[in-house]
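Q: Chains A and B, in that order, are what the protein sequence lines are. In terms of the UniProt record's numbering, the first sequence opens at residue 1 and continues consecutively. In terms of the UniProt record's numbering, the second sequence opens at residue 1 and continues consecutively.
I should point out that these hints are in silico values taken from the structure, not numbers from a laboratory. Here the structure is a predicted model, which means the values were calculated and not measured. Wrong hints could be hidden among the right ones.
Stated by the list, open to error - Partial chain B-side listing against chain A, Cβ under 7 Å, derived:
#1 173
#2 227
#3 231
#4 242
#5 276
#6 279
#7 288
#8 290
Claimed, not checked - Straight-line alpha carbon distances no greater than 30 Å define the calculated DSS-like cross-link-like pairs of lysine-lysine that follow:
#9 B:178 x A:515
#10 B:10 x B:146
#11 A:150 x B:32
#12 A:248 x B:32
#13 B:97 x B:270
#14 B:269 x A:238
#15 A:169 x B:197
#16 B:32 x B:178
#17 A:248 x B:13
#18 B:194 x A:169
#19 A:248 x B:275
#20 B:13 x A:238
#21 B:194 x B:101
All residues carry an ideal CB built from backbone N, CA and C; glycine is no exception.
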Amino acid sequence: MVLPYHLIKVCGNTVFAAQGSDIHSFNSGLEYVSTWKYPVQQTDESNGPSIDAQESPAQEEPPTKRRKVEPGQEEGPKGRRAKYKNGQSKGNKPAKHDVPGNERPFVQGLYATTDGRHLVAVTGSDKTIWVFEHDGVGNLNQLSQRAMPKRPCSLTLTHDNLTILSADKFGDVYALPLLPSPIPTTTTTSATPGAATPSALSPPTSGPDESRSASATPSTATPSAIKPQATALTVHTKRNLRALEHQKISLGRRALQEQPNRPQFELTLLLGHVSMLTAITVGTTTTATASTEAGGTRVREYIVTADRDEHIRVSRGMPQAHVIERFCLGHEDFVSRLCMAPGGRAEVLISGGGDDDLFVWDWVRGELLGRAGVLEHVKGVVGGEAASKVAVTRVFACGWEGGVEVFVVVERVPALFRYELLEDNTLHHRETIPTPGNPLDVEGIEVPGAAPRLLVAVYPSGSTDGSSNSSFIVLDKGESGWRQTSVENLPAGGDIAISETELQKMLYSTETLRKLSDFD
Amino acid sequence: MGGKKIKKDKRQKREDYRAAMRKDDISELPRKKFYRQRAHANPFSDHQLIYPPHPDQMDWSSLYPHYVVDEPQDQPTPPAPETPSSEQHDLAPLRPKRISKEVEVADIGCGFGGLLIALAPTMPEALILGLEIRVSVTHFVEDRIKALRAQNHEAGLYRNVGVLRANTMKFLPNFFRKAQLAKVFICFPDPHFKARKHKQRIVSATLNSEYAYVVRPGGIVYTITDVPDLHEWMVQHFDAHPSFERVSEEEQEADPCVAIMRTETEEGKKVERHKGQKHVALFRRLEDPAW
Chain A
1 MVLPYHLIKV
11 CGNTVFAAQG
21 SDIHSFNSGL
31 EYVSTWKYPV
41 QQTDESNGPS
51 IDAQESPAQE
61 EPPTKRRKVE
71 PGQEEGPKGR
81 RAKYKNGQSK
91 GNKPAKHDVP
101 GNERPFVQGL
111 YATTDGRHLV
121 AVTGSDKTIW
131 VFEHDGVGNL
141 NQLSQRAMPK
151 RPCSLTLTHD
161 NLTILSADKF
171 GDVYALPLLP
181 SPIPTTTTTS
191 ATPGAATPSA
201 LSPPTSGPDE
211 SRSASATPST
221 ATPSAIKPQA
231 TALTVHTKRN
241 LRALEHQKIS
251 LGRRALQEQP
261 NRPQFELTLL
271 LGHVSMLTAI
281 TVGTTTTATA
291 STEAGGTRVR
301 EYIVTADRDE
311 HIRVSRGMPQ
321 AHVIERFCLG
331 HEDFVSRLCM
341 APGGRAEVLI
351 SGGGDDDLFV
361 WDWVRGELLG
371 RAGVLEHVKG
381 VVGGEAASKV
391 AVTRVFACGW
401 EGGVEVFVVV
411 ERVPALFRYE
421 LLEDNTLHHR
431 ETIPTPGNPL
441 DVEGIEVPGA
451 APRLLVAVYP
461 SGSTDGSSNS
471 SFIVLDKGES
481 GWRQTSVENL
491 PAGGDIAISE
501 TELQKMLYST
511 ETLRKLSDFD
Chain B
1 MGGKKIKKDK
11 RQKREDYRAA
21 MRKDDISELP
31 RKKFYRQRAH
41 ANPFSDHQLI
51 YPPHPDQMDW
61 SSLYPHYVVD
71 EPQDQPTPPA
81 PETPSSEQHD
91 LAPLRPKRIS
101 KEVEVADIGC
111 GFGGLLIALA
121 PTMPEALILG
131 LEIRVSVTHF
141 VEDRIKALRA
151 QNHEAGLYRN
161 VGVLRANTMK
171 FLPNFFRKAQ
181 LAKVFICFPD
191 PHFKARKHKQ
201 RIVSATLNSE
211 YAYVVRPGGI
221 VYTITDVPDL
231 HEWMVQHFDA
241 HPSFERVSEE
251 EQEADPCVAI
261 MRTETEEGKK
271 VERHKGQKHV
281 ALFRRLEDPA
291 W
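Given these sequences and hints, build the entire structure.
A: See the structure below:
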């Protein structure tokens, strides 16, 4: 079936949109420019996986269109099993994600530097961060491809556009340079993937990589040092002692097989939650200083992270990311989106997730400023009985006539919700804009003096009432409401063998963050 | 067949015993055998935990009933009872009953509560809280505290200890505000021997940032273990963390809490019986660097 567009990113004058594992670009007039396709290894499936697949990731050839995507490869169970298998390294089976070639993971995130010169993409099951150079008119040149130790859930860039911050499924935040410097592979990396070794968390006072890897634990640093950490002094029962004996024997054997697959690039662990991270963003504060340099102001950067266990954490920016300044606490279900208010309201943060409301925070003081209902407006779209909970998937804010407009997408609800953030930082629902299908992403182009032009990726509902079945629509505010046009002449492609159910599972994954309440 | 039946009888006995212990007038100390639970809990799974969304909403009054402040009823009740309803969301949820002090000492993974009980009389001015992830072990400590309070009613002892079931690896900041704690004890933590499980260790570079958040500058984190490699691991990670420095050996040995930690924890006693080693390390929370 043909995949819908599911991610949109405005980058300078260009609009990028992801469809499955491809990224298309459009100019400001929304005419198609070009496509980046996820490089697929030409493997002969009967020969099994080829080993040296990492060698030529950047082929320009379009891959074969029809690719069987394994059911569930993007989502939980499978990925989890792969990880498990990898860690246990039972037998000689290669780890799941080491087998390259015959799968094309979906693009899970698109991010752009503020100058529009670089685009960063994340792909799912291969946990890879891709950096592209953008020529300004929609053509991408792939610069790097880095496979992270754990699957990145959300990325952001520091304000100087030099560093990518990646928040992953295991709760860790890593910093990696946007443009990797060529470093010899021997001195690499501070982090081993297995334990996401927190020892890599670098003291800001310490030097570069050497000191960090030196602080790695003996057991992870040198495979030869692997030995059971229990001793006859620490285990006492007969059974445990016997287990210890067995462990000693098998460890020796296993140590030889276990190849630490540490990433071969610069990677710094900044901070971590013991929870799946769902969103990361950076905020800045500007304070006046006594000195006159830099106009008498000092800008400080903070890292704001949100997790599945209702926390929003504010940490200092690099190089003091180990200092937690405060938490913004109040959510009672998962947090899935963070959105800094634009337009001189740098201290205002809007968050949404599995709660019935959006939360508005002064993140600089850690105070809840207000809440704005979402569920009540969702009920207006899908009917009161059908909706008992919401999962916010997008919060997009932009300036408009001096105010701040906030557009919200809720999973599986065919509408956009427009809110206005008033001067007093209260958030108010203004209107519900119906869409021809469930929105998957929303971005806006600010048009001077006019309402923002909204770009919406929708999963077409497939209705036959004459409305468009395009997956990429534009909304312009007219005098009598929003005028909807669909972007035509979309490039062909994105046609893969995948069932509707599997696709939905991939596109609608936010609700799965909610905790089940029936086990202990 | 028979095994199943025995098991059921055992469970029944256990439930009966514990139900009896819940009754108000019992001052008999609980017996451990009715509260045993397997030694490990997965800190990553979503247990059915109760925790406040924010430390301000934590109700401490049931844990420390003797410290509850009697607030006069005529305090700031909103003047207009007919406040605009439903649409306007209540920003300040019901404030729980206040207590006159704040918890300042936390025992993370308090187990059967030996340390808590030993510490309580030595620092009568401080509120001490044990945190434990295993449900029935928490119940044991609850019953133990209740019994001790009843037994020492005259002297007013053990009113300053409490216990909570909690997953501190996830929810420490839900209970404590920044810099609230003066002392944190981490005694005989689960060693998680396998490298794959190191992320589950209670001490790690990323978690140390959370301890730094709840501990005030000058406050102390106490660690003790019988596993040399774990000791090394904890020292390494606290040493590497810019918010902590190791406390010198002299100062460590002069601290009365260290002796108690060595001898009064259940694990400490067990290690003693087996003639194992005990490794102690203390770390002081430093001031945050200029920013």
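Q: All hints, please: hold or fail.
A: Results for each hint:
With 7 Å as the threshold, the beta carbon of residue 173 of chain B comes within range of chain A, its nearest partner Cβ sitting at about 5 Å, so the hint holds. The beta carbon of residue 227 of chain B comes within 5 Å of a beta carbon in chain A, closer than 7 Å, and the hint placing it at the interface holds. A least Cβ separation of about 10 Å between residue 231 of chain B and chain A goes past the 7 Å threshold, and the interface hint is therefore violated. Interface restraint check: residue 242 of chain B against chain A, minimum CB-CB distance 5 Å, threshold 7 Å, status holds.
The interface hint given for residue 276 of chain B holds, since its Cβ lies 4 Å from the closest Cβ of chain A, which is under the 7 Å cut-off. Because the closest C-beta pair between residue 279 of chain B and chain A is about 11 Å apart, greater than 7 Å, the hint is violated. Taken as an interface hint, residue 288 of chain B checks out: its beta carbon lies about 5 Å from the nearest beta carbon of chain A, inside 7 Å. The interface hint given for residue 290 of chain B is broken, as the beta carbon of that residue sits about 10 Å from the closest beta carbon of chain A, more than 7 Å.
Pair hint residue 178 of chain B plus residue 515 of chain A holds up; C-alpha atoms about 27 Å apart against a cutoff of 30 Å. Our distance criterion of 30 Å between C-alpha atoms is met by residue 10 of chain B and residue 146 of chain B, whose separation comes to about 24 Å. Distance check on the hinted pair: residue 150 of chain A and residue 32 of chain B sit about 41 Å apart at the alpha-carbon level, beyond 30 Å; violated. At roughly 33 Å between alpha-carbon atoms, residue 248 of chain A and residue 32 of chain B are farther apart than 30 Å, so this suggested pair is violated.
Between the alpha carbons of residue 97 of chain B and residue 270 of chain B the distance comes to roughly 40 Å, so the proposed pair goes past 30 Å and is violated. The hinted pair formed by residue 269 of chain B and residue 238 of chain A meets the criterion: a straight-line CA distance of about 19 Å does not exceed 30 Å. Proposed proximity of residue 169 of chain A and residue 197 of chain B is supported: the alpha carbons are some 16 Å apart, at most 30 Å. At most 30 Å may separate the alpha-carbon atoms for a hinted pair to count; residue 32 of chain B and residue 178 of chain B exceed this at roughly 35 Å.
Our distance criterion of 30 Å between C-alpha atoms is broken by residue 248 of chain A and residue 13 of chain B, whose separation comes to about 40 Å. Of the pairs offered as hints, the one joining residue 194 of chain B and residue 169 of chain A holds, with about 21 Å between alpha carbons and a cut-off of 30 Å not exceeded. Proposed proximity of residue 248 of chain A and residue 275 of chain B is supported: the alpha carbons are some 22 Å apart, at most 30 Å. About 28 Å separates the Cα atoms of residue 13 of chain B and residue 238 of chain A, which keeps this hinted pair within 30 Å; it holds.
For the proposed pair residue 194 of chain B and residue 101 of chain B, the alpha carbon gap of about 41 Å is over 30 Å, so the pair is violated.
Violated hints, listed in ascending order, are 3, 6, 8, 11, 12, 13, 16, 17, 21; each of the other numbered hints is respected by the structure.
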